[in-house]
Amino acid sequence: MLCVALIGAAAAHADGTAGLLVRSLAASCAACHGTEGHAVRGSTIPPLAGLSRAEFRRQMQALREGTRTAPRLMGQIALGFNDAQIEALALYFEQQRLTP
Amino acid sequence: MITRRGMLHALGAGCFTTLGLPGCASLRPPSGAKVVVVGGGYAGATAAKYVRIFSEHAIDVILIEPNPQFVSPALSSRVIVGDLRLSDITCSYQDLQRRHGVTRVQDRVTQIDTERHTVTLAHGHSIRYDRLVLAPGIDLMLDAVEGLAEGQAEGRVLPAWSAGSQSLALHRQLLQMRNGGVFVITIPEAPYRCPPAPYERASLVASFLQRYKPASKVLVLDANEDVTALGSLFKQVWAERFANILEYRNHYNAVAVDPHSLTVRFEFQDDVQADVLNLMPPVRAGALAVQAGLANINARWCEVDFLNFSSTRARHVHVLGDSIQGAPMMPKSGHLANGQAKVAAAAIVADLLDQPIDPQPMLTNTCFSFVNAREAMHAAMVYEYSGAAKSFRPVSGAGGASPRPSALEGSYAMAWAHNIWADMLS
Chain H
1 MLCVALIGAA
11 AAHADGTAGL
21 LVRSLAASCA
31 ACHGTEGHAV
41 RGSTIPPLAG
51 LSRAEFRRQM
61 QALREGTRTA
71 PRLMGQIALG
81 FNDAQIEALA
91 LYFEQQRLTP
Chain F
1 MITRRGMLHA
11 LGAGCFTTLG
21 LPGCASLRPP
31 SGAKVVVVGG
41 GYAGATAAKY
51 VRIFSEHAID
61 VILIEPNPQF
71 VSPALSSRVI
81 VGDLRLSDIT
91 CSYQDLQRRH
101 GVTRVQDRVT
111 QIDTERHTVT
121 LAHGHSIRYD
131 RLVLAPGIDL
141 MLDAVEGLAE
151 GQAEGRVLPA
161 WSAGSQSLAL
171 HRQLLQMRNG
181 GVFVITIPEA
191 PYRCPPAPYE
201 RASLVASFLQ
211 RYKPASKVLV
221 LDANEDVTAL
231 GSLFKQVWAE
241 RFANILEYRN
251 HYNAVAVDPH
261 SLTVRFEFQD
271 DVQADVLNLM
281 PPVRAGALAV
291 QAGLANINAR
301 WCEVDFLNFS
311 STRARHVHVL
321 GDSIQGAPMM
331 PKSGHLANGQ
341 AKVAAAAIVA
351 DLLDQPIDPQ
361 PMLTNTCFSF
371 VNAREAMHAA
381 MVYEYSGAAK
391 SFRPVSGAGG
401 ASPRPSALEG
411 SYAMAWAHNI
421 WADMLS
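Sequence lines, in order, name chains H and F.
Position one of the first sequence corresponds to residue 1 (our numbering), numbered consecutively onward.
Position one of the second sequence corresponds to residue 1 (our numbering), numbered consecutively onward.
Hints in this document: simulated from the structure, not taken from any laboratory.
Just so you know, these numbers come straight off a predicted model, no measurement behind them.
By construction, the Cβ of each residue, glycine as well, lies at the ideal position given by its N, Cα and C atoms.
Hints may contain errors.
Okay, the calculated beta carbon distance ranges per label pair [to be verified]:
1. H:88 to F:146: 53 to 61 Å
2. F:232 to H:66: 15 to 23 Å
3. F:69 to H:50: 25 to 33 Å
4. F:176 to H:87: 54 to 62 Å
Next comes chain F alone, as it looks inside the complex (with noise of 0.2 Å):
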């Protein structure tokens, strides 16, 4: 990070040397146009941030997030088996009022309004948009497993998808869990957030148990045909690391819990007991986006424009990051949703500043994994938008994954947290 005084010391000399240059003298007289960002995560304060950013602060920016903090869904699973704190991924929304100007609002949003612009508060007042950045991430389908709904609010089934005091509580079920016990992770069919996530956590959870509770086993049920994302690493990973402690199964897709004893039912196979439970049911777009009749694909994820990600139902709003139907090839991840909320912020801003927009912009996504507390591995793509295809799709040629995991990607990948979260929050 930056300190206060290196900065202070180069805005002084930025400004200095830079005055009477042609940009100096264009920062834009304020427009009086607003944008209104719904959600706080890596898309939504992204969005934020660079809507200020590319307008040279020309236009206000409201950020409404119940959440008083930002904690990353990315490196949860690191906080789970410990290696992590809370803390490490827990990162503050003041720089974007301070250092950015834009309006931060605690609170839950109720309703949103697409016909009249306005969004309302859990507080009750309306705000008024030009245009609407909705954010609102994914949220649990609980209902499609039976007993569910029930097991999480007694915290004995944890989903920990959304990272927070979930983590931290099934942290302490995997520290409690006898030496022989079996922890359980149960995958839904794909399209959720983060396809290498559980993987990941999967081969976190081994790993610990490995040195810990060394009788114990990983049970990897995946309601998948295979292992969907970074497939052959993390096999080989689990075969030459983890064979006797890990096991994995496809095509085990969860229907229901019993919260008491911690055994899932499977739509095909025989019952399976746990006695951690970390079960993960399918997600969909934020509720948000579903009560504001956004969701238009299978009442499940929002269809957008690529081209500014506006929503196909409602011009004024657009909607990015997890809650959107990719383009084909394009994952739902934290790096992707921080790209998306720049196209969409260069997009807005061309529009309510009248400037021509970018005819082809482009994406990139990298995924990090680990698969210790140590080596990490990642998937890597880049993306660009096809005015003939009217989507986004990967640039040929470009793109891979590491040949093996190793702790030089380990740091790697704790750099672009630390990065990408300066770049949307900082």
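Isolated chain H (complex conformation) (with noise of 0.2 Å):
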């Protein structure tokens, strides 16, 4: 079980002490989306582990752009984070392995 953490700590380590401060933010989308992204089977609300970075970007910025119509409330959620934090949440949410 150890392994968990171990999964966990490679994105949030590679930049030393920011780990804590990245994986702070990313678990502020944890109650929707599972914790570091993993979403529970089946969910309507869809992982965010193991998402390119290029894609993140993409839809978040759909998302707040409003270009992409559904779902309107994380249109509404997205609009509260900036640049730089979706860049950071983007490159957590990459290293983090999708479960099979």
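Join the two chains, each given in its own frame, into one complex according to the hints.
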């Protein structure tokens, strides 16, 4: 069970102490998208773990601009995050392994 | 849920492929530091898990919770109307222990000594902490409504505000109510736990009665000036769907109840008699927080430093969830309790392991309200910490609500529940 922490730590410690900060930021997504981006099986809310950086960025941008009409809820949340935060989250989630 | 087989596979693959990366080498040795968490709800369970995750198991965590399982207040009104079973909103604490190494103590804390850094258990012995996370939820102010304590003890008048046996008892009362009866819901003045919850419950009961006992009524008697959350949406739903079945009245402050005749007395208006009476009294921080002298705002709510949620009365005690005086525009919700717990967990880990604390933590909130067995609607918000204000504030331009309830949002609401429960407990 130690390995769960190890996997999570891989992304977190890429740049030393920033690890805790980005993990804490990413944890604000976890209530809906699951711990470290692992949504529960069958969830209509998608997992974020394993999304490529480019895809994460593209989706957040589209949500913020309202170009993607659904889901409205996530558009309202996406508007609360700035570019630097989105970049940090994109990198973090790309480094999380999607559980098979 | 991830199957055990899938989990093991993921663990094997994950460990092998990440071996040698900086992260794998950095699982920390035990620091000897101990965090005690009191309360296993949305705030406490999340804090217990995330102190373990963020510290990479370097900090010991003890979770003290008297209940054997977690029963979610969110969605419990769906149990009252029979759309869900109690087992659908009940989760085990086992994974916290098994997967995250949290030590679980099933007991009640009777006393907190903030000077000596100890908590005393009902069974007698004391536990010392380096940091205490206190998440006792709310307590009902039964004395605020004369006759309520007696009515509740007799099972005649049920607040059913915490989920569990009262949810089922109120469900039975609803089933037994005569067609043509009046189901009365009283709502206390804000702040209280989960602002939209009483209006969601009123809508769900109206939907139930419309289908099964159409001559009946739901009477919503609100101590507030107006509906406190999603007001225009609820009123639109009520006008369009429940016009003949649900009646809303504001400024109705319940002060007494006769548990035998189910008659409620109000501060100003005439008495109202109910067939089923769901009386919700005012609430305050959980008794433990009050006893420990941490409820320093009107003797009702705990004031905290929002950067790390430490009590302004006891620096090494972090108070989370419904017990705190929230930042402006910050309701008491399960989602926010979960978010606050992660902010506090990161701050505690940073402090104990000598790392920099996040100077600008973020919080999100999503509250779903069902209006019938299928459809739900939401309110959402994002908060950022402001160093200048020493508080969280809503990020301008973000947040909002649904245009109307929908089945799609109903499915999101259930997905939200399953994901947040896993985020707390699994």
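Evaluation of the provided hints:
no. : hint                      : verdict
1   : H:88 to F:146: 53 to 61 Å : holds, 55 Å
2   : F:232 to H:66: 15 to 23 Å : holds, 21 Å
3   : F:69 to H:50: 25 to 33 Å  : holds, 32 Å
4   : F:176 to H:87: 54 to 62 Å : holds, 58 Å
The structure shown violates none of the earlier numbered hints.
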